[in-house]
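Participant: These protein sequence lines are chains C and Z, in that order. Quick note: the first sequence, position 11, residue 11 per the working numbering, numbers continuous. Quick note: the second sequence, position 175, residue 1175 per the working numbering, numbers continuous.
For the record, the hints were derived by calculation from the structure and aren't laboratory data. Among the hints, erroneous ones may be present.
[Said to hold, decoys possible] One side of the interface only, derived from the structure: several residues of chain Z facing chain C at Cβ under 8 Å:
(1) F1011
(2) G1034
(3) I1253
Here a beta-carbon is modelled for each residue, glycine too, at the ideal position from N, C-alpha and C.
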Amino acid sequence: MDELLQIRNLNVGFLVKKKPINIINQLNLDIYKDEILAVIGETGCGKSVTGSAILHLLPENAIVSGSIMYKGQETLHMKDSEFRELRGNEIMCVPQSPSTSLDPLMRVGKQVSECTLGKKHNRTDAKAVVKSKVTDIFGKLKLPRGASIYDDFPCELSGGMCQRVLISMGILTHPDLLVIDEPTKAIDWALRKDVLEILSELRQEMNCAMMLITHDIPLANRLADRVAVMYAGEIVEIGKTADVLEHPIHPYTQGLIASTPSKGFKVMKGFMPAFSDLPDGCRFKDRCPYACESCGQGTTELKEAENNHMVRCNRQIGQTEEGSVKYVGSYQLMQELRVGVLAK
Amino acid sequence: MLEVTNLCKSFESGFWRNKKVNAVDDISFQICEGEIFGLIGGSGCGKTTTSRMIMGFLKPDSGSIRYNGRELSTMKKNEWLKMRRDIQIVFQNPQMTFNPRSTVYNCCAEPIRLFHLAKSREEERSRVYEMLDSVGVSRDQSNKYPHEISGGQAQRLSIVRALSVNPKLLICDEPTSMLDVSVQAQVIALIKEKQMEKGISILYVSHDLDVIKAVCQRVAVMNNGKIVEMGSADEIFNRPKHSYTQQLMSSAI
Ligand SMILES: Nc1ncnc2c1ncn2[C@@H]1O[C@H](COP(=O)(O)OP(=O)(O)OP(=O)(O)O)[C@@H](O)[C@H]1O
Ligand SMILES: Nc1ncnc2c1ncn2[C@@H]1O[C@H](COP(=O)(O)OP(=O)(O)OP(=O)(O)O)[C@@H](O)[C@H]1O
Ligand SMILES: [Mg+2]
Ligand SMILES: [Mg+2]
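Extracted from the complex, chain Z is given alone in its bound form (with noise of 0.2 Å):
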């Protein structure tokens, strides 16, 4: 379904653009449909390099996503408008989701608005309130800014809101890094119910290795711009091949 050849990104920075990093250096994955594939790797390794580059935020270098067939790092602004609808994020940071300008309400009902999927102000008040029940945020709080919701609070709603309209794959870059533990939990079961009830696909960032491991079907490793090991998530975790990953799997506190 997506599939990703020698993806290449380097950043220049520095006052005279002379440091040179590597951030994604060559590496080519698949997902396919209704699967969920997990990427880790150390802090700064590229996962979210790797991620903007499949949103579009980002050109790559050289190298080609393509999405059913179609080549996405070619593709034009009002082009991507349209592939918006199955293909949203949800970010480490849930307020870099949110406009900090409009209320909660509207941050969730941009969606609804730019695709035209309500039909009515009631039809649309009535989805909004609906994704703010299903994630446990009181109706009084859709009045609140972004900042004035906890960080948790604004990552449940970032995940309603990338689900409501519809996509077939959602990235997913640590999603629930800002959550305790039941959060976590109750925010894995809702990603999980929708990818077995609409069967989307979905990228998997994460650090939490306990996560990943109840999660996804198969894993990527990345260290330094590369994947080094990739496999079933059984394979990953009960026999690790290759060293970055060992160290990475012994390092559990």
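Pulled out of the complex, with its shape left as it was, chain C reads as follows (with noise of 0.2 Å):
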């Protein structure tokens, strides 16, 4: 298969008052074309994070090293006026937070088609032309009142629908390269439904690649090609959808798939560590079930445990077998966490 995208060895890193803090370690990831890959894991792991990274929207205080290459051409350290020209056309992103990402004062439908009215077409005739399109998103999304919503302010619209409006700019230009973050959370089950279909008609009927960050399990179960995990700025498992969230080898997935409600709501003790604050060796070994002494040295890699399917864990994948995760009631878990808390 073609790699449309290739991330190696990149680090991203933030200035925090003049101190940098690593957030992103040595990450290897490829995206190959027509494939939706998935990116699952603990919140503020650093998912949008590298999705900023490949489409050079971090800000200032970010430095950032490795590389991406994009169709075989350096994209990370290009500048911005070259970047430019590929973001919006070929490559396109949906951004996570729809309250925050729009422009408060100007009319939803202009901020839509202002990312199509480059410089390519002539304005005024283009402007009909891109009107027509962006109705005709929006009553594929199912957006309320027709017409009549191109000229709302983000304001007036409720969370669901401003999310929709975001989902309609990213698809809107047919980009061959799409990094979506979070498409389905702020919308109830029915229209969730229909972002999946819209995304599955898009990558069918238009080729396009999609790296699609989210929570939903369900919705990357039912999407995307492959599964990458990440945990504290690391893929700690990657592999094909089916082997990832049916077989999870490492103790993490394990623990997140047993967290969904449909699945047993199983409570996962302790949290993620702070970026400042790492512990030595494995990341996830103060949480690990099976953490031993030699998870707590040295750099865990990422190796393939089964055909196509990398796993950053010590423990041998003869052993995964034995004994499933074991977990807490709920209750008595917060309860133990509070005790020790307050201990502390």
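Starting from two chains that each stand alone, build the complex the way the hints lay out.
Facilitator: Here you go:
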């Protein structure tokens, strides 16, 4: 398969109070042509930061190193003006938070059409074409009130409506690569199904590759070809969707899947460590039910466990079957946590 | 405890104020003491508008909202301030709850200062740190600004912050919509634990039917500003009567 995007040894850090804090650590990731790669993982583990690095949208205090190749072209160190040619035409994004990503003083229809009305079109007649295209997409996403929503301001729309406006922005130009951050969290289940259909249609008809950053595991299951699981700035498991979601090997992935409401709603103990205070060795070891001494030293590499299924864990693969992760009931656990906190 | 009757709210928008949207259209429901009441419904059906009216951020067009017998919809600003200790809200978007210009520490200390809950600086600090610890946000992150912490961390903070004044009624507008499932399970365990411990009542708005099913005792289903069905969680999920509810239940993926 052809790689569309190749990320090698990506490191991203932020300067906080003049101190650099490393967030993304030696990340390697490929996105192939026409493929949907889902990225799941704990809140704050660096999924959006990875997406922003691809899109050149990192804030000023970011420190980046490594390489990102798009169609064989190095983009990480490109000038912003050069990269802007790509972003908006070939690479598009759907940002995470609907309420902060829209310009509050601009009518939503104008915001959406603006991303296509680049230099290519001559403005006057293109406008009408774009407007009909935009209303078409709005209709597909079941935004109510038809064309009149074109002239609404973002504050007049509900959370889910803003989210759909952002999605339509991302897919309007038929990009080759779409980085889409949390498309389904603020919308109801009926719409989620529509978004699912629109995205799979987009892939089939336009051959659009996607990096789908999401917390929605059922959505990833339905849509993605491969799934990458991130924890504390590292990829801990990556492989085919069915392999990762149905036979997870890394203890974090196992715990994550057991936390979904339909799979038991079990509470994992502990919290992700702060980036400024990472433990030595494996970053998950403090929460890991299998942790042993060797987990505390050195770096754990991403190793192939099965065919194309990579896992970052010291445990021998044969060991995985023996006993599943032990959970405590949620109330008891929260109680234990609080007692632990108070005792400190 | 909370009694909402015949509540209506419509918005006028457009350049000539000529478009009218009936966001909330004649809804009534009650929330009893110590109960978790779920509100579900399609996107844009008026759930957020309802919770904003209960919080007094929006004036209803008509209808009444009574909290322990007191009418909230006509209450004055200074009376509301006292009420804020009893009724707290957790928003869909955590960045909205925090003042973007002050640090995480100051944001968390705000309710403590407002209601004079701490006697000294040290007590205030230990309370804030306790808050941070209980949701796993490390102490050195307290100097960051709200936009520098991730959405999930901010949401966990906004929940403990709302709970820090010991409210009697908590309104949660999609509190876990920014969180991953493992943190969502932790947050919901936290909310439920507080609810059992202190007997607070909760209005829980969410799209995630699995969560609602696991958390709520009673559920109301809204569509286009109206409540189309209301009943115990068991009834709504296992024997939905209204066609809209059935449609919603069947769209699981
Ligand atoms: N501008 C910034 N300055 C300093 N730290 C930042 C900045 N932006 C993000 N971070 C830190 O980077 C980490 C990763 O953030 P990111 O937004 O990528 O998380 P995420 O995986 O997308 O989480 P979520 O699922 O909540 O969206 C967080 O711990 C956050 O505190
Ligand atoms: N300030 C406003 N001006 C005009 N219309 C508004 C305003 N606020 C909300 N509306 C409209 O009221 C309706 C209900 O919005 P509301 O935010 O209550 O929906 P919601 O049920 O919370 O949806 P979601 O689940 O997507 O958050 C929507 O049609 C919206 O466009
Ligand atoms: Mg994110
Ligand atoms: Mg809402």
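Participant: The hint names I1253(Z) as touching chain C; please verify it with the least Cβ-Cβ distance against 8 Å.
Facilitator: 5 Å, holds
Participant: Report holds or violated for the interface hint on G1034(Z), using the least CB-CB distance to chain C and a cut-off of 8 Å.
Facilitator: Nearest chain C Cβ about 16 Å off; hint violated.
Participant: Hold the hint about F1011(Z) up to the distance rule: shortest CB distance to chain C must be less than 8 Å.
Facilitator: For F1011(Z), the interface hint holds, since the closest Cβ of chain C sits about 7 Å away, which is under 8 Å.
Consistency note: the structure conflicts with earlier hint 2 alone.
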